[in-house]
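**Student:** Given the sequences, and given the hints that come with them, work out the whole structure.
Note that the protein sequences, when read in sequence, are chains A and B. With my numbering, letter number 174 in the first sequence gets 340, and the count goes up by one each step, no holes. With my numbering, letter number 171 in the second sequence gets 172, and the count goes up by one each step, no holes.
It should be emphasised that the hints constitute simulated quantities derived from the structure, not laboratory data. Ideal Cβ positions, reconstructed from N, Cα and C, are used throughout, including at glycine.
Far from chain A by the CB rule (all over 12 Å, computed), these chain B residues:
hint, residue
1, 216
2, 226
3, 249
Here are some chain B residues pointing at chain A (derived, C-beta under 7 Å):
hint, residue
4, 31
5, 187
6, 188
7, 189
8, 190
9, 191
10, 193
11, 194
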Amino acid sequence: MGNLLVNTRDQQFLLFEQFGIEKVFDSEAYGGFSKDDVLMILSEAEKMAVNDVFPTLKEGDEEGCHFKDGKVTVPKCFREPFKKYSEAGWINPMDSPDVGGQGLPHTAGYAVSELFCAANYAFMMYPGLTHGAANLINVYGNEQQKKKYMEKCFSGEWTGTMCLTEPGAGSDVGALKTTAKRLPDGKFLITGTKCFISAGDHDLTPNIIHPVLARIEGDPAGTKGISIFIVPKIRVNDDGSLGEPNDVKCGGIEHKMGIKASATATLNFGEDGKCIGELLGEERAGIKIMFQMMNEARLGVGMQGVALGSAAFQHAVAYAKERIQGTPVWEMKNPAAKAVTIINHPDVRKKLMWMKAHVEGIRALAYFGAYCMDMSKISKTEVEKGNWEGYLELLTPIIKSYSTDKGLLICSLAMDVYGGYGYCSEYPVEQLMRDEKIACIYEGTNGIQALDFVGRKLGQRKGANVMNMAGLVQQTVAKYKNNPELGKAAATLEEAANACFEVAMFFAAAGKGGDFIAPIYNAGKYLDMFGDMVLGYLLLDAAGIAQAKLNAMYEEKGLTTIGKQKGLQRENQDAAYYAGKIASAKFFMNEAVSTVKARAEAVKANDKSAMELVDLAFTV
Amino acid sequence: MNIIACVKQVPDTEAQIKVKADGSGIEEGQIKWVMNPYDEFGVEEALKLKEKNGGDVTIVCVGPARAMETIRTALAMGADKGVHICDPAFDNADAFVVANALAAAIKALPHDIIFCGQRAIDDDSGQVGAMLAEALNLPQLTLVTKLEFAGSSVKVIRPIEGAQLSIETALPAVVTCQKGLNEPRYASLPGIMKAKKKPVDVKNAAAIGVATDAKARVAKTVPPPARPPGKIICGDEPAQKAAELGKLLREEAKAI
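**Tutor:** Right under this line is the structure:
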């Protein structure tokens with residue numbers, strides 16, 4: 167067994183066997199890479215994640231962040247790894263070499279990211295937000311802004327944040343109250359309070375660059391009147407040196423259930439009327455611009471679900487293979503039976519299988535999102551490009567919310583495998599579970615994601631994205647429908663896919679008939695069903711590839727009996743891996759996808775009990 | 002300054018080693034290969050020396066085609082170029098053949114200082130560095146944990162039982178590196194990309210002109226004997242259990 171964070175064999179399978187990212191290496195955009203390069207990059211990332219970042223997980227959680235005399239301190243153990251991480255170029259591997267990146271394909275970049283996120287997500291908040299902020303300036307900033315702010319963020323000399331939320335404007339961002347007043351030199355005076363700002367204040371770097379949403383005086387109410395500004399914590403002189411403090415004051419930090427080492431700050435801009443911001447991009451384009459960072463952040467949060475789920479699963483498997491407790495159920499009449507490792511108990515074993523199938527599924531989903539970015543980048547026609555971007559648009563809310571909901575369940579099951587010890591801080595799973603929960607909430611709650619999915623994404627491009635997705639699923643179903651081993655799984659997937667598309671039609675019809683509540687009321691449930699279906703597709707596709715490779719191995723070695731084939735799986739890692747991949751698909755289809763149809767029927771029954779109830783009746 | 006670092010590719014310390022059924026060696030198919038950890042100290046020291054005093058670092062490696070990956074790792078860490086001595090004739094090479102091959106390759110290169118790991122973690126023989134120094138007729142500084150460069154000489158610290166030796170020698174010299182010398186860096190992402198363009202000279206036995214006949218031959222590879230199960234001393238009285246333990250230590254384990 168490899169590290170306790172991520173199954174690197176599964177990562178390599180996705181990159182090189184399922185998605186085949188070698189095909190993007192032939193393109194102009196990614197011509198500089200080979201498989202060997204990507205393997206070396208992953209190996210170096212794994213080393214640093216395991217040896218330098220993972221050891222900060224517990225210490226960072228215990229020390230946490232502190233707010234004293236207006237200043238925020240982060241765990242001391244973060245300093246050295248943050249420096250090493252930045253210096254090694256891990257903040258922006260996927261960006262263009264023009265801005266100090268390496269132009270790494272996104273699919274490989276996401277694999278790198280998973281390794282670090284699994285090691286310590288709270289740590290990764292700092293470089294993650296820094297990248298998002300710097301990349302906003304990269305895309306929308308002018309040359310001077312790039313030189314002044316972006317370069318130092320990409321290099322990790324400074325960090326960045328994203329300042330949207332206000333005490334009265336969270337999910338409803340259009341209600342924000344922060345204002346921007348024009349100054350004669352074209353800059354703006356910023357006044358307002360932002361809260362829940364991750365990495366909002368800290369002592370890791372001497373400066374912090376805040377992209378801040380605010381309304382220029384006189385601009386209309388709602389989201390259409392919002393602009394975005396670059397607001398540094400310390401003003402930056404034209405020669406790049408640090409100037410005066412910019413009247414950005416930290417009012418305090420939150421005391422949270424998890425990611426305690428990530429400083430979640432309340433920031434007061436312009437308390438003394440001296441906070442200066444520079445407009446980023448055009449006036450009143452703030453939401454559109456910020457959406458670039460929000461989409462990036464949503465995929466990043468999806469990765470939090472994948473990575474923490476993965477770490478919890480890897481730990482649980484290792485523990486279940488070591489921990490001896492209880493005699494096997496088939497020995498229950500034998501008083502002399504010896505206790506066995508708990509992986510032998512059917513309940514534990516099935517939980518591990520559930521976790522394995524879901525971890526592999528949400529990993530495949532996240533990497534598929536990245537793969538869509540790569541494929542859109544190398545597309546030769548506008549139609550092709552539009553299709554790949556369409557998949558990503560459609561799947562972004564699923565990647566964010568489905569992966570984090572399942573990630574939390576995976577952590578919870580990992581704790582069940584550990585039993586009482588798992589609930590104690592001596593073992594890491596309780597922290598993984600605490601660190602994971604926020605992923606369901608921030609970056610647009612999972613409820614908001616479901617509304618985005620049902621309200622915007624389903625109908626986008628006149629439903630073309632959904633139709634394309636249906637096409638992919640149908641192709642795979644057709645491929646394996648008559649396969650003796652996978653045929654049943656293919657049939658289950660087909661039934662679920664049909665059920666999902668029927669519900670989409672039901673929503674459309676309900677909307678047309680004036681019943682707007684039906685899609686909104688069922689949005690979360692529908693996203694979950696759709697997620698199960700997409701995972702089923704990805705896992706079946708993987709199982710087919712694994713089956714072909716495994717059969718080739720059996721054939722080469724002349725193994726015709728099940729006993730001999732199992733023998734190979736016991737001693738050969740590849741054979742074991744492929745057999746596991748087939749099992750994941752079959753298990754997942756039977757366990758999760760098979761219920762999609764029943765859930766679809768429930769949606770179509772159009773029960774609205776919760777809506778019909780008067781408030782008082784919820785609890786009298 | 003011309004700095005040489007010799008590297009060997011070895012199985013990862015966490016790899017599960019399986020002996021081939023016929024005892025002719027180990028199963029290589031499923032092993033993850035890495036740079037010998039002691040050689041990493043050598044590469045790191047070479048890079049530090051270069052950063053401080055200028056010059057360039059050449060990686061020299063004897064090994065099969067897969068060993069190129071290890072050379073690339075060293076180049077990604079910051080070394081400048083590589084020499085890969087690759088020939089099926091070296092498949093059964095012993096320390097003597099490897100040291101002579103390294104010596105032949107290094108003779109053809111300008112060299113002020115040569116770093117080796119103090120041993121390789123696969124066969125643990127610990128002979129190549131010393132033999133290399135002999136073959137090149139250079140002074141050897143072994144098991145080094147600290148190195149100070151002073152122009153045309155180096156001063157090193159080498160631990161011995163209960164004390165440490167401080168040794169000084171003129172360059173060129175061969176230094177074998179021990180844990181504690183430094184903390185090897187990771188390859189950075191830009192380093193990995195730059196390494197692709199760095200030259201590696203691949204040479205066979207004939208090109209460097211060395212004999213490939215080994216002095217030593219591996220007769221058979223066998224796994225270590227399985228450990229006998231531990232013994233649990235039962236009983237209620239601690240004094241009785243202690244007496245039993247003492248008896249077993251004396252009579253069975255013969256430890257006291």
